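Heads up: the protein sequence lines correspond to chains A and B, in order.
For the first sequence, position 468 (counting from the first letter as 1) is numbered 468 according to this note's numbering, and the numbering increases by one without interruption.
For the second sequence, position 52 (counting from the first letter as 1) is numbered 52 according to this note's numbering, and the numbering increases by one without interruption.
It is possible that part of the hints are untrue.
[Claimed, not checked] Okay, derived cross-link-like pairs now, DSS-like style, lysine-lysine, Cα gap no bigger than 30 Å in a straight line:
(1) A:Lys323 <-> A:Lys335
(2) B:Lys179 <-> A:Lys335
(3) A:Lys332 <-> B:Lys179
(4) A:Lys46 <-> B:Lys96
(5) B:Lys179 <-> A:Lys49
The hints are simulated quantities; they were obtained by calculation from the structure and are not laboratory data.
Just so we're clear, the structure is a prediction, and the values are computed from it rather than from any experiment.
As a plain string of letters, each chain reads:
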Amino acid sequence: MPSTLFDKIWAAHQVLPETADTPAVLYIDLHLIHEVTSPQAFAWLKSLKLPVRCPERTLATMDHSTPTTPMARNTPMPPTTPMAAFGGVPIKIDAAALQVRQLEANAKEFGIELFGMQDARRGIVHVIGPELGSTQPGMTIVCGDSHTSTHGAFGALAFGIGSTEVGHVFATQCLLQRKPKTFAVNVNGILPRGVTAKDLILSIIGKIGVSGGTGYVLEYRGNTISSLSMEERMTVCNMSIEAGARAGLIAPDDTTFRYLAGKPRAPQGSGWEAAVAHWRTLVSDTDACFDTSIDIDASKLEPMITYGTNPGMVVAIGDSIPKPDNDTVHDKALKYMGFNAGDAMLGKPINVAFIGSCTNGRLEDLQAAASVLKGRKIAAGVHLLIVPGSQQVKREAEALGLADIFKSAGADWRESGCSMCLGMNGDTVASGQYAISTSNRNFEGRQGVGARTLLVSPFTAAASAIRGVVTDPREMLTPRGTLPGPGTPPLEPF
Amino acid sequence: MEPLLRVRSTTVVIASSNIDTDQIIPARFLTTTTKVGLGKQLFADWRYTANGTPNPDFILNKPEAIGCEVLVAGRNIGCGSSREHAPWALLDYGFKAVISTEIADIFKNNSLKNGLVPVVVDAPTHEWLIAHPGAKVEIDLHTTRLTLPTGVSVAFPLEAFARHCLINGVDELGFLRSKIADIERYEIARAAV
């Protein structure tokens, strides 16, 4: 019987199939953990006097509550400082420092590898998994974080779980799961210049809605998807959860294999050839059936921007805010945003621009932003915060001269972390201010109490930071200014 | 966990659609390392004013909300972040069930694991509940039916094993651990491939 990519991964990880009375027991290949959603699971494990069953399948890092302020190299903290030190900068929030300390202690006690505060491989959990080559096709990957869907870009079944399930994986390396339904998202055509993977996924969420994917695993298919780089594919899969989907998947192909080849934790030597041969089988069969599907013409897409308080409230950047009749949800969102139905999005003033997050904090995203910012200055009064997705992305951006472009433009260049995507480390947007942001959620208060978020691509965030108002990035792109892919030559000057 | 056979209570209605888990508990409260005491921060940005005083217009600050164990939310609740702090906060406040037309996957799973009953109902039943805040309802986990004070009774979906765990007061880990031999066999078989 023909099967989908999802069916194949599911079947290969079923320890026990589901029955009418019990869900399937699903084996988990890779368990990523971070400081915010793991402490309660460790505490539970300790209360039951249980070990972590497969510490070698578990990888820990710190990203959510960690500071992004630059290292103050000349002011070392005394080693006895009660606060966790970060390159000399203490964590100012006591509770966050305690979380970091607890993860350090828990990782040590349970024998889990930790990329801690001072580790050169530290970064946002969904950026470092792929960077290390730990994320591989055909795997099952979970993390106590909804954006685990990012790893689906490699053809891995990857989804977010709660802290109780983190405890289940610690204790048994398995989860109890009912089999979700499948949803084919067919995308064909060439993305127009200045229209990115972020605009694509925002369009998809706009079409199917924030609960349109509930109960489904999405598989992104079609020639547009095949032509995307791995980093672009990660942006698409990352926001699957914003459509309510448990996971997003893209079949692995030569682009995937080129990305993974030589990564520290990818298979090496003869193991590599065998792995690739297996990975090539991880595609949906030609006549496989999906429970539902949607077709998208990529050539018709435009840069997108959200205007409301969920990612489904989105329009093409040149459009005005819609006017649905008698929609109290819409009215409430617009009141929060300080907008009116019928307003044009172009020209709306912004206070903050944020470029970063697990959605758009990778090197290509920073290259895209740099292609717009090079030789330009941001508008007076705008705070442009650029936060690399990992310490590796930071080093690469510095080596390529991107950090210098950002600093010359007037941007604030930081250490890696989740930062202003959710503001739990203190990087927040003030109440009532407008933040144009490359992150994934524009919920009320997401970036700070009363903060108003406009979700966009890195191109649009950079262009808007320069003008100080919502700006169509296509006005600022050079002919070469499309999103540079891996191995792209250095950016040309304007 | 205590066995949970039924919830019988008056309802609190928060009619907003798409209530995400950032609204249920904002991220700045996630720097905790325990599950304790999160009820104080439930719906914090709706419940308190900028200076921290209770917002008198918000339903949870009104006398009629006291003691209510059933939250009726607008269409689709629980989207966004996977934070289990959301059901922990709802339970710590005193809720035992959440009713909506759609409930996001991760929030639903997290709720079931902590004894917060997610109840998905059809649009007419939902409209009735939204229009009748304070209605006395009964949610029966044996029959998986919700009964309105009008006598109307509707079935709601509840995954069989989650229901078993709720009504017997057991957690899923016990079952998973009883399958360790199967898990070991699976690992050996895979390693051999």
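Could you tell me which of the numbered hints above are not met by this structure, giving the numbers in increasing order? 2 and 3
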